[in-house]
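K.L.:
Here is what each chain is made of, one letter per residue.
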Amino acid sequence: MLDMTSGNSRGSFRAEVPTYAAAVEAWLASRPAAFVAAARPVASYAERVAVTSDLMRVLFDEGWARYGWPEAVGGLGGDILHRAAMWEALARHGLPAMALFEHLEILAPTLVAMGDQDFVAGVLPRFLSGEERWSQGFSEPDAGSDLASARTRAVAVDGGYAITGRKIWTSWARYATWCLVLARTGTTQSRHRGLTAFAVDLRSPGVEVRAIEQANGTDELAEVTFDEVLVGPDRIVGERSGGWRVAMHILAHERGTFGWFRHGFLYRQLFDNLAQGSPSPAGDTLLGNALLDLAAVRASSHAGLRAHAAGAALGPQAAFVKLMLAAGEQAVNDWVLATDPDLAVGMQDDYVAVRRQDYLFSRIVTVYGGSQQMQLDTIAKQILRLP
Amino acid sequence: MTSVTEQADREFVDAACLALRAPTDGGDPLDALGWWDLLSELSDRDARAAALALFRAQGRELFGSAALGGLMAQPFLVATGLPPGSLVATVSRWSPRRGERLVVVGDVAGAALLIDRPGHGAAVVASDQVELHPVAVAGRLAMYEVELGPCIWTATVAERTAEPARARGRFLGRLAMALEILGAAEGALALAVAHAATREQFGQPIGAFQAVRHLLAWARTDCVALEAVTTVAVRLDEATPPRHDEIVKALAGRNGRRVCERALQVLGAIGFTTEHDHHHFHSRVLALDALLGTSAELTHALGAWFRETGTDPAAPAAVLLSE
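Residue numbers (the working numbering), protein chains in the order written: chain A, 1 to 387; chain B, 1 to 323.
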């Protein structure tokens, strides 16, 4: 085991991403037990959460998962390129997915940039170490693509705010300790100007989480009800009435830099499909198209990572990466389905079940994180400047 | 999402567009750009980016030159002892009707032609020893089929020297063609976006209709994908993984055609006339897609290659994330 606390290795890992990446690779090559367990296909989502959380704890204890996050909030310094390198290495070595730690790359950058620093210093290490998970409470039954019409309310009371309302399609809520809730502190007519983002402890009285069983057999989504749930003023992320800015920051990550983190697992799917039997040559054109699409995601999300590392805002261009990522995920799974009919009609052992889950999920990637139609609207309006 | 490198790339393209558009008093805009001098500096990242930016500008401005053949011949200059600009590579393609055809792009008067025969070496042939037959396709692309007498071809570059030069020439040629396809697709898209903002139906600009907006947004996404992939390939150059030039070229042909088709749909019938420039951009994309491997051929072959070998096709993260 490397001594992560010694000053020398820490300094060079922080300063040089390739040195850090090589050390992560070397560690993975030794096949740590927690990694091997998390790399095995597991159909049960709850079990997948458990083994991935165990892996996160080991990555945290070894120090790897702490690079890329500021020292003031429990990290070891460095930037997003460190995280990009770590997840790339994990995917290359056989990890099938980030599971619910996808939210690390969607929510944590915004928590660090906009949250109360004492609060973030308390929760981020527990997030990084897999001890606590986060979910994202944006969508509501009547507010999907039109997020600015959200109706969940936060009313000022003694000691903070009381939150009441209903969130739906909340990924990972049933496995999470925290939920970042977008709630209305202004009037309904205030639209996006009257929203505030709160970090809500899901263990609080008045919170009810109902899992939603998805068509692909997983239960990562949930409906969350808040009934006068009390939150302290230090749980506001960003400014009061600044929730829209927080949401846009999060969505820019979900659409822009996240492409890098997710596409590594799409290459993983290609290799896994090759390793299982011998895919028919009839799928070669589909496979070739998947290679083109993944090259596009890799190149464009890499440009987003570099811009982010250089301190630039992600902006509406993130919509391009989101569209390309969805196209890439569908292209990969088009090939998988074309060459593996067991997904549709075969015996569902863990391996086949996971691939079936992945295939079916790829049919809905054009919905989450802002539907494909919303991304196209963003490009038409903000980039092409159409009337 | 802009980075310093991308900013520099944009400046190269803008400068090249200006030079191609400016009146040259009969002079060659490539000379004015100092383009031929860049060919001996392709190992330098900025020089390489500047040299290749010319092709994107050529696509946008519908400009024709012999730059493609000059670039593809560059790896043969040492072996042939010729200076940049005096040797232009021919491109071999297969016609289902007429068998192997040799093609040159641009005005090659006065230059020697490089005729490469994989497995047998390469030959330098004076342009007055061949017949050039113009290929009549739109696209403002001067293109010729090269007819060569049966006895003239004798290898002047041995196969063991020609082989690596050929691979390098194809790599550069595919990147150049991908960038020219990008430029032409951007030209077609710009016409369609302008049309959508001004053409009115039902009392409003057609660009206000979501069906039209989404066609154009998809087209822009296809351009951005191609821009990102070419930018990385130009930056990484020889650090790209095996067959990456084929991925770039296949993506260019596929996305370039899709962009032109969507632009045409937005333009409507006026876009399908010879008086409108769309057909020039579209035809240029089709012509370039047909050289050095069509997107259909390359896409299928890349799939077969990955299925058979499992070779990692991704640009290496260690290089991508290192700067």
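The reader is advised that the hints may include incorrect statements.
Chain B stretches covered by chain A per the calculated footprint, using a threshold of three residues with CB under 8 Å from any CB of chain A [unchecked claim]:
(1) 120 to 131
(2) 250 to 264
(3) 298 to 304
I should point out that these hints are in silico values taken from the structure, not numbers from a laboratory. We put the CB at the ideal spot given by N, CA and C, even for glycine.
K.L.:
Are three or more residues of the region 120 to 131 of chain B within 8 Å, CB to CB, of chain A?
P.N.:
violated (count 0)
K.L.:
Given as covered by chain A, does the region 298 to 304 of chain B meet the bar of three residues or more with CB within less than 8 Å?
P.N.:
holds (count 7)
K.L.:
Closer than 8 Å Cβ to Cβ for three or more residues is the test here. Does the region 250 to 264 of chain B pass it with chain A?
P.N.:
Held - the region 250 to 264 of chain B has 3 residues with a Cβ nearer than 8 Å to chain A, which meets the minimum of three.
In terms of the numbered hints stated before, the structure departs from hint 1 and from no other.
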